[in-house]
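J.: All chains should be modelled from the sequences, with the hints used to inform the complete structure.
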Amino acid sequence: MATLALTGLAAATLLRVAPGFDVEASELDGRTSAETLRQMRAARAGEQDILSFYGRYLQGALRGDLGKSRSYEVPVMGLIRERLPVTLRLIALGLAGAWTLALLFALANVAWPGLNTGLNLLTAGMLSVPAGLVALLILIGQGPVALGLAIALFPKLFSYSRGLFQQNAGAGYALAARARGLSAGRYLGRYVVWPAGPALLAILGLSVNAAFGGAILLETICDLPGVGQLALQAALARDLPLLVGMTLFVGALTVSANAVTDLASLYLVRSRSGQ
Amino acid sequence: MKRLAAGLLIALALAMVAGQFLVPARYDQQFRESTDALPGGDHPLGTDELGRDRAARLLAGARVSLLLAPAASVLAIALAAMLGLSAGWFGGWWDRVVTTLIDLMISVPIFLVLITARAVLPLNVSPISSVMITFLLLGLLGWAGSARVIRGACQTHLNSDYILRALASGSSRTRILLVHLLPNLWPVLRTQFILAVPGFILDEANLSLLGLGVAEPLPSLGSLLKELTHLPSSANWVGLAAPALLLAITVGAFEFLLPPKEGAS
Chain A
-12 MATLALTGLA
-2 AATLLRVAPG
8 FDVEASELDG
18 RTSAETLRQM
28 RAARAGEQDI
38 LSFYGRYLQG
48 ALRGDLGKSR
58 SYEVPVMGLI
68 RERLPVTLRL
78 IALGLAGAWT
88 LALLFALANV
98 AWPGLNTGLN
108 LLTAGMLSVP
118 AGLVALLILI
128 GQGPVALGLA
138 IALFPKLFSY
148 SRGLFQQNAG
158 AGYALAARAR
168 GLSAGRYLGR
178 YVVWPAGPAL
188 LAILGLSVNA
198 AFGGAILLET
208 ICDLPGVGQL
218 ALQAALARDL
228 PLLVGMTLFV
238 GALTVSANAV
248 TDLASLYLVR
258 SRSGQ
Chain B
7 MKRLAAGLLI
17 ALALAMVAGQ
27 FLVPARYDQQ
37 FRESTDALPG
47 GDHPLGTDEL
57 GRDRAARLLA
67 GARVSLLLAP
77 AASVLAIALA
87 AMLGLSAGWF
97 GGWWDRVVTT
107 LIDLMISVPI
117 FLVLITARAV
127 LPLNVSPISS
137 VMITFLLLGL
147 LGWAGSARVI
157 RGACQTHLNS
167 DYILRALASG
177 SSRTRILLVH
187 LLPNLWPVLR
197 TQFILAVPGF
207 ILDEANLSLL
217 GLGVAEPLPS
227 LGSLLKELTH
237 LPSSANWVGL
247 AAPALLLAIT
257 VGAFEFLLPP
267 KEGAS
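Quick note, the sequences are listed as chains A and B, same order. Per my numbering, the first sequence starts with residue -12, numbered consecutively. Per my numbering, the second sequence starts with residue 7, numbered consecutively.
Chain B stretches covered by chain A per the calculated footprint, using a threshold of three residues with CB under 8 Å from any CB of chain A:
(1) 105 to 114
(2) 249 to 258
Cβ-Cβ distance ranges computed for the label pairs, FRET-style:
(3) A:ALA239 - B:SER135: 31 to 37 Å
(4) A:ILE127 - B:LEU184: 50 to 56 Å
(5) A:ARG68 - B:ASP109: 23 to 29 Å
(6) B:VAL185 - A:ARG259: 42 to 48 Å
Because the hints were derived from the structure by calculation, they are not lab data. Ideal Cβ positions, reconstructed from N, Cα and C, are used throughout, including at glycine.
T.: Shown next, in the form of structure tokens:
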């Protein structure tokens, strides 16, 4: 919770100190009357002191009110609620694809070590391509956006999973079991994949964070109206309430995902040590 | 593989230095009579829609990315070393402050932090200023992961037998820091530096694709990627794909420079 609150405060401070924060293009229009100008400035007066702005904001957030977007002139919560399903679907499909591929390739590499050089080259090649370029190629090829996210996330997940599997496969107890004639399937399942469970769960939490980063690029470049695209629009429009709301919301989701996977990982470790 | 990667990077650095002799034009020079030209004698990679030589722009873009990403990495690793080392060395409340800062930076997607920070700064600045802003931001915001690794390594060394022996034999804290700890942390710092460079090249590319990176007319490997959107309607696929290929080769070469353990994890 403290991390979340600090994250929101940092975002709000950054926006507040940005050059041009207190100026709106419409104020420069000569046709704007003095009264309208006074009203526009009065509407922003509450945002002048960053701490009082943030204090009031957090009170509202606890009631589910994240304020009103300055650029869209609608409640922030409504904007997020409207776009969230698009992003959640993208992230769920992207993560599912990336994890499936990563685990399958990692297992194949442990089962057939001869694949090592080829998979090293594949991973290095994929790690060398920015997520933005993947998004561009998906846009040009009119492919599914979730596939782009899966491609962007795959190489790191594969590297981590393979590292864990190889570590387990090389452990003395695993080699001894294999030497005693354990079948390949049982060896991989019981001695390679199963012990990696807690660590894989921890990486799953971190991959949600990475997926949000990738979603910003993919949604913006492929013009998908999700939360990631909204984040960029909020930043470009210097829409303080929307940006702070977005930061808090995305922070809450990623911190929750990490907390859930950490707890699941801990549960797995404890339940196994109790066996 | 490591030698091949190092050789590739050296060849690329030489091509950047000799760029003005390899191609006859400046990156912003327009050949108005030959816009969108296909690769040929005068223009090895053709020209863009404004008549600028694509090869000259590619070499200039590579120069921007390859000079400034290491500079941003130096800044990020210096910050990471200062924070990570001091947290590990002093411990106590300062360690908790640094750990909270690291958690703060890692809890939100770094790309969200980057676009927010870049967007709050002026966007209509000179190309040189945009380069400085982009890579300063990358350096100032990209230290958290390395700081965590350096802090961990520092604590491991401080709890190790050789430091305890040095303390027991009466070595001063300054001597332990300068003679024992820093030389042993050097490989960690070097690896973190090599890890950070390709990451920053990719981050710059992603920022430029969103229009938040290096400003026109100065090219960078990232900003040149935007032209790939013309791929379906252009016959010059070699000229359009060259930046993507060079970017992948450059970043890939850095990946292969990493020690095997870090590369695998």
